[in-house]
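One line per chain: the protein sequences are A, B and C, in this order.
Under my numbering, the first residue of the first sequence carries the number 1, and numbering increases by one thereafter.
Under my numbering, the first residue of the second sequence carries the number 1, and numbering increases by one thereafter.
Under my numbering, the first residue of the third sequence carries the number 1, and numbering increases by one thereafter.
Mixed in with the good hints there might be a few duds.
Reference excerpt, derived from the structure (chain C facing chain A, CB under 8 Å, subset only) [claimed, not checked]:
| no. | residue |
| --- | --- |
| 1 | P74 |
| 2 | F102 |
| 3 | G146 |
Since the hints were made in silico from the structure, they are not lab data.
Even for Gly, the Cβ is constructed at its ideal location relative to N, Cα and C.
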Amino acid sequence: MAVKTAPGSPEVSANPPRTTPASANSVATLIRRPESGALIGTLAVFVFFGMFGGEQFLSPGGSASWLNVAAELGIVAIPVGLLMIAGELDLSVGSIIASSSMTLAIVSGYWGAPTAVGILAALMLGLLTGFINGLLATRTKVPSFVVTLATNFGLAGATLGFSRVITGTTSVGVQPESWAKSLFGTLVADQFEVAIFWWIAVIVIVGWLLHISRYGNWILAVGGDTISARATGIPVQKVKIGLFMGSGLGAALIGVIQTILYNGAQVANGQAFVFNSIIAVVVGGVLLTGGYGSVVGVVLGTLTFAIVSQGIYYTGWNSDWAALILGVLLLVAVLMNNTFRKMALSSATPKKKA
Amino acid sequence: MTTKSTARIAWGRRAMTAAAAVTVLAVSACGPGGQSSGTATGGGAPASGNVKIFVIGGKSDDPFWSKVKRGVDDAGKVVSAQGGSVTFLGPQNYDNLGPDAAKLIDSTLSQGATAVVAPDWVPDAQDAALKRVVDKKVPLFIYNAGGLEAADKAGAVNFIGTAEHNAGLAGGTYLGKKGLKNVLCVNTLPGATNTEDRCSGLADGIKANGGSAKQLPLPSSQFGNKTAVAQAIKAAVLNDKTIDGVVTIGTVDSDSAVSAIQQAGSKIKLATFDTDDIALKRVKDGTLLFAIDQQPYMQGYLAVSMANAYVRYGLELPQRPLLTGPALVDSSNVDQALTGAASGVR
Amino acid sequence: MSVPFLKLKDINKSFGSTQVLTDISLEVKPGEVLCLLGDNGAGKSTLIKVLSGFHEPTSGSMEVEGEPVRFRSPRDASDRGIATVHQFGGTFPLMSIGRSFFVGAEPVKGWGPFHRFDHKFAGEVAVREMQGLGITRITDGNRLVGGLSGGERQALAIGRAVYFGAKLLILDEPTAALGVKEATHVLRIIMQARQKGLAVILVTHNVTHAMKVGDHFAVLIHGALAADFRKGERTREEITDLMAGGEAMAELEAEIAAYESAHDGHAPDPEELEKMLHQK
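Please put together the full structure from these sequences, using the hints given.
Here it is as structure tokens:
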């Protein structure tokens, strides 16, 4: 697929490309970025809770509060966001978290296998579920919303059934080996979860994939128009299956991290991540129907969600209101993102003479 | 008390027609005085075998209900050995608990239940369905939630479980006697009668001993995310330095609380409602002061056994309500509890 | 010029029991514009899908530059130099012009696993190619495709196909959604491609547009080739008639003419006309 040089077009040499200097276009360039709305949102909620949350919110402890929540949510949300950019949804992450954490707890806790074996089994389970999701969604043409909703239920049932048959209970403890504890479940400076570093790694890898490697173009194209993407020779099915496996792996990693951090697993873990990850992605400027979005946007969306959901506990207000604020935030963020997207589209059509 | 008795007697008379004389005699021989007027097989269930007991419970992946179900299953072995059957029904989630439970209760009738065991979680939503069971002359046992009051209101035979307020009271008294002054009750299911009762009982128990307690309600968007719960607890603790104790309404949340206290770097005392393997180990190593056990296994086991004995033989116990807790597990009795936990019943 | 770029012989396509294309035989030569005309539902889009590899024909043979071919996927067709441009340009509204231009064939720099998509090169090439097709307004390859007009999107898609060495351009209703001025621009771009020696298949139901650029015309009715003729062999009216009702319409006219001569030049009254139509 090497790039061929243009077959001789005489007009081209007579007409050298005219590119506008970057400085003149910097505002337009900024508006065109999918994360510009999300950036405003993150700054706004940070300032808001900085004002009402007092010193505690801004202290290391307070920052760790929303960073820890954001890190765990982000590890799930970034691959889910990538999948949503490609036009598919994954609602099965909740059960993947539950099943992978139970797998680790049963293999390494109940059966006493080395922690590495349990971790590997848990991650493989995430990949396998993602593969099944991808295969079903691409082969059957059933919308991924339905496919992954079904796997979310199915896997929850299987997790419950197997753990009761194997262990007789639905909550299993595990004492991870020390290397695993420090790699997945320690608190740096007694405050910051090591998951934050995993989050950074996921940001870098997925950011590279979407924005720098050529595969990012494939993902955007598949989400923008699947049929056209297929016509250009992109292996649409493989791309989608790969992305489903990615979101399965992200969820399984969280299953591993939480199990090791809290020394045990319960079958009901993780369902909160299903919709919270979608909220983070959408607040981050990813178009729900696909084809538009950025990793930086998802990171900002995740931070916004974490700051709002944790910030309220620093204000001293009754936390009954936290969900209300989240709901309002979601709506405002989506409206703002729509406005920015429209501006991005129209910024290319000023009626000027070139 | 009086309204209850008359209701029960009236119901008993109607049931009389279907009763076998021998059973009636057996009941009057060991029955609780005049209160039980020779009630027998409700709804005309034959004693010859097809006893169909339906049990309504929580989500089956809920660790607490998993233990209730173990009790139900174990008692069910006797029922099926006698030729009957026990069916456990639970909702898919807790988002719409009252109406969902009411629908499950109604479905037991259409499936030909000869006895129904159900919690009364949300009386307003469930009472009509419970009344339909009693109206069809199917014996009803309330367990786990609602208390004797709900059982009497619905016309049920008995209540099996604990009073959540009492459980809270026991925990609060324990903490108060330890000298704690300001305790946080972390409620991840705000609005549910039993969790609210736990927290209010806790507050009452501490108040009687010179301290106070307040509730930290966490919204359902945090459900199933231990880290979000942990960080919320940490925030509350950092914000109010006078807090010297944290009690969680369930064992999953106590994982979060342990992490939160560690992150906040404080010496706050911890305790929890309910028990599981991990919580009991924490009681043993001193991380948790105590765990309040309502012995869910016994609730499932006793409710099914009583329903079976009642339908089949007309047997009834004099204790109303039949309490399975609270049993407070602390360092003094944790070893025994751990044995039970290893078998998945505590 | 003697060897046709693409040659179809007796192509049939059916979906289950529904026969969609019947015995289609066609040729298109390099430097020639073949206009594929037909009413809605005549089978034009199915034929395009067969040509571009989305569907395999049920029977019949295809040759590209004299060699027999079978397209099992769109990839096979594009490997043989066949590029299809859809009504709305087939492009991605929320992608940048540069990204969209290179979808599926991204220019990369760097080595091994650290290769990266060359944004600067992509943007520059896309802008240069569009300017080459007379779209001078676009100077920034980072703009989103959704901000382009319909004609500009067509230019982007055609420019892309030409850049990647397409030898046959299949344009599916490129002017249908455009205003007069933009449509004219697109037709000019088609002429430009023809001059470069590309074969072009223009699918349209706009006879005026077809007659402006076409060298060769094929009319599809009910999945069969109703007429195949070269420029100047038919008048605009004949073509319109063909598309509307095929030969049937011409026969009707002949009958009306016969009626008129038999009735002293009076046109048939509605009742009589109705009778004639029912004889069909």
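Chain A contact restraint for C/G146 - C-beta distance below 8 Å: holds (4 Å)
Restraint satisfaction for C/F102 [CB to CB of chain A, less than 8 Å]: holds (7 Å)
Satisfaction of the C/P74 interface hint, Cβ to chain A closer than 8 Å: It holds, given that the least Cβ distance between C/P74 and chain A is near 5 Å, below 8 Å.
Taken one by one, the earlier hints all hold for this structure without exception.
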